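**Student:** Here are the chains, one letter per residue:
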Amino acid sequence: MPNNPPKRSRVAILGTVALILMSVLTVRVWFLQTVDVEGLQERVREVRTRTVKLTPERGRIFDIRGRVVATNERILTITLDRRIIQRDLARQQMWDRLYGVLGTTIQELENRFQSKRYNQLQPVPLKEDVSEDLVMFLRERAEDYPGIDVREDWHREYPYAPVASHVVGFLGAIKEGELEMYRNLGYDPDARVGQFGVEQTYESVLRGEPGFVKYEVNSRGRILRQLDRREPIPGNDVQLTIDLQMQQFAEQALQTQLRVRQRTEAPTVLKDGEPDPAYPPITYYKAPAGSVVLLNHATGEVKAMASYPNFDNRWFNAGITGEKFAQLFPNTKDPDGSILVNRAISGRYNLGSSFKPFVAYAALASGQLPGGADYTLRDEGTYKLESIPDERCQLNVKCVFKNANCGNGAPCKYGRVHIEDALAVSSDVFFYKIGEQIFTERGNTPVLEQEVRKFGFGSPTEIDLPYEFVGTVPNRELKKRLAEAGAISKDEGRGFYVGDNVQFSIGQGLLSATPLQVAVAYATLGNGGTVLRPKVVRAIWAPGTPLSNKSTIDLQKGVVVQDMSTPELVRVLPMESEIRDPIVKGLTRVINGPGVSFDFYHATTGEKLFQSYPKRVLPIAGKTGTAQGFGNLPWNDSSAFGAFSLTDAQPYSAFAYLEKSGFGSRAAAPVVKCLFTALAKRVKLPAIVPSDPLDLNMVTPAAEQMMENPLCLVGAGSSVRD
Amino acid sequence: MSIPLLTRRPGQGLGNVRRSYADPSRNIDWILMIAVALQTVIGVFMVYSATRPRLINSGQDEFMVVQRQIVFILFAIIAMVGVMAVDYGRLRGNAEFFYVVTQVLLVLVLVSGAVRGGARLSFDLGIISVQPSEIAKFTVLLVLAGFLADDATEVVSYERFIQSLLIVGLPVLLVLVEPDLGSATVLVAAAMGVLLVAGARIKYIVLVTSLAVVSMAAAVVGGVVKDYQVRRVIAFLNQNAETASLQNVLRQVRFAKRAVATGGITGKGYLNGPLTNGQFIPVQSTDFVFSAVGEQFGLIGCGIVITLLAVILWRVFRIARMAKDRLGLYLCAGVFTMVLWQSFQNIGMTLGITPVSGVPLPFVSYGGSHTVAFTAMVGLVQNVHMRRFR
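Chain order of the listed sequences is A and B.
Mapping of the first sequence onto the numbering used here: residues 722 to 1443, in sequence order.
Mapping of the second sequence onto the numbering used here: residues 174 to 563, in sequence order.
Hints in this document: simulated from the structure, not taken from any laboratory.
This list has only true hints and no planted wrong ones.
So the derived label-pair ranges between C-beta atoms look like this:
id: 1; chain 1: A; residue 1: 862; chain 2: B; residue 2: 346; range: 41 to 47 Å
id: 2; chain 1: B; residue 1: 230; chain 2: A; residue 2: 773; range: 17 to 23 Å
id: 3; chain 1: A; residue 1: 826; chain 2: B; residue 2: 230; range: 36 to 42 Å
Being a predicted model, the structure only gives us computed values, none of them experimental.
All residues carry an ideal CB built from backbone N, CA and C; glycine is no exception.
Pulled out of the complex, with its shape left as it was, chain A reads as follows (with noise of 0.2 Å):
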């Protein structure tokens, strides 16, 4: 050994940090493969395949006719590739090349990327409906514009909007509480699903089956080879009930009267027989809202429902800016200029005297009018509850009811009138009497609350659109649950009284219903005693049936998936015709006179308006109504009027409901007037032609809809407030 040997102890320290260091491999190997595995086990299949979504067509939705309301075009997004942009820095540098060329700015780019409404482990979209040109301008720069890829997707169309807007519905992203429901149903977080009208209601029906591509990938996402495939089977289309014609000239009706009572002056609040002054001397109507239903007795299918406000649905997919839709759809606590609402379904109606011919089907069928049809009472223009002492009448609780006035500043009187008289002339005094007695002599049992029901009033009609309101019928509970809800007072609240029954029965009091309820209750009387269930929707068709012309499908060529057109019987009331006679007679005289002479001759509410209506081609009944509005100003009253046809090859009932507009006769009476001289080929329907793109530097949400020719709203109306 040579001299001086090295000090090999150290040696030893090297060895040791050896020995420790291969344990800690060893140990941590073992861990891994051993200990760890479930856990990271599971992860490695899903990260070795991409799969893409594919996007199903939308079903399509046409009218009775066929004539397409909804439809689809392709449309494609530009998407980046969330990898490429991952660092803030390659990110502002994509956004400083792509905005210009999108034609966006860096701030909405920068949102979408953060929105959590997009897919995080799907391309995020930046760019929608783009042009084939930009594609190729970003494809041939692909190494400019890594990441950049462009995916096919559908854009729903409305080709007729706003025409049927309510009933068609529209699409939207889904609502936060509902992302979990929608999940679970397989939809992506950005979907867009139907959010109003058949749109929402057929979702499942339109949406049709995604199908997917399944690539695998490589750890940078590139594309190595696709494993599976499967085709989206394109969603069903809907055809509607409506006949789109049809229910362009009711949405013009509406609208053209709607502008007419705007425009006209409410009579003058008097007292003492001069101009109260407490209130401006001339009022126009508001007129800011209404609503009208058209359907079928027969089969219970709806040939056109009308809602005012209206709404163009192609501003659901327009892309407009938040500001856009809050100026156009104002958040506003106001009912009269809520927007997004179907009144047809949705409005909470007081109904005045069309609901009268209820009461009387309930005084005949629970044969609460000694002799039926030919009893008889004088009425005097106000009645005196029989049952409530004089003392009492003299202290707080309301006994003496008036009849309307009759022009001359006193309730009109009208004799001895049967019940068919009562509903001709609306003698509020002989539905007062009903109201009483039938509650009364029954023990305070709640007759006429049964009797009423069966027309559907408080309950759903259960039809296919979304958000239908239940409607009310005065009771106790009902009294009680608004109580507590401080709708009306504690004293109020704690009982059902004799005077709410009478209020009850000229349609007055807590009544309310919609007007689809009282379109669906007027078709009773008007098939003999058979409550339908309405709808909108008479069939679902299998995709894919070829267009006839443009715009209309080839019911000829189509296969129809599900038949839904056979009548949904409710119920059945017995309707013999010693009830439904006096009734029917009373509404037909509504329409065609005569009325009473006492004093002097006293015209139906309807006589006057309906003397150009032509009565023999498509005869009718109807029943006028006015509901007194807030503080029973003329102006706040609203204007009803219920109508069926009398003929079996046409078989329509209608209901116009128009708020603040005046007496029945005058300002819903013209427009169901309007619908039946359409049904009885006196007016020609103006002919459906595609919209015009939709404006979007218009202020208002839909285009207006005026009629050609207004003359069929034209007729005098009545003179009584009812």
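Please build the complex by placing chain B on the supplied structure of chain A, with the hints as guidance.
**Tutor:** Below, chain B without anything else, positioned relative to chain A:
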């Protein structure tokens, strides 16, 4: 008839020297040799497995990379035999020359090296590329060991310790600038190993090691080092972070960990690793080769690789203790430290216990420079073993 080679030439030595038990050619450590050879063979198979799918997918010859690796191994064998043939004392005599050449190469690579992944690490010479930092591992060790062996005292004096640090410091600095953090730490570790064995005060060694760690941390925090290196370290410290900018690094490690974990006891079988064959793990054939072993051969495969590594270290350790002089001892200590630290760093990052640094696994990973460098180091150790008697 006699074969001239086997007969003694007149006037050379006493009797048949080649038959002596002390003959260098009779004193090769075959256990070390076989362990290295086995590890290298495993490496060849793993490199093939790890590169095959990508080559097939890009339409290239699936054997392209592994063929190159075999060529590198042939070069490495030549280098090793060359190193073994010359007495390490004489090698030490030329150490300064090698050292200077290495420094020049390290400077040159900064100027004209090929850029890969943001760093200039290698010269691109057409089919092969040369990494001066790997060569530096060999030459720096030689110079340092020689320098320390010159002084035959028990304790390394303060001046000599500082001088040693300067010898190592210059190449470390150049490697850091490239930047190749992993190789720099390997150089530092080797120097510490040699200094430790040479008798430097343990206080100094601990101090320098901590300084290295602290300055590296400071560099990370201070942003001197490149962005991706910072991310690697931050990612190591939060392996479950959700931060988008860390995902790239984290994904590598997660996939590597998963690959090892899902191998289980026996592995999924050769060429049957969905993760390591599916290109999820970048630089699969070099930095993350261990994950391929883990996925395809499981605990058993990992055990074999680690055991072979342990055998190599054990033999080097043994040779260090048997070395006839200080130089031999120091060389072995340096090789021991380098193999140990680099292997630990490489396997550790695959298993998620050390930060991601681009050091290859000795003898196993794909790559010409490090294969040649480490095989040459084995040759150096063999050299010490062969000539331990005279």
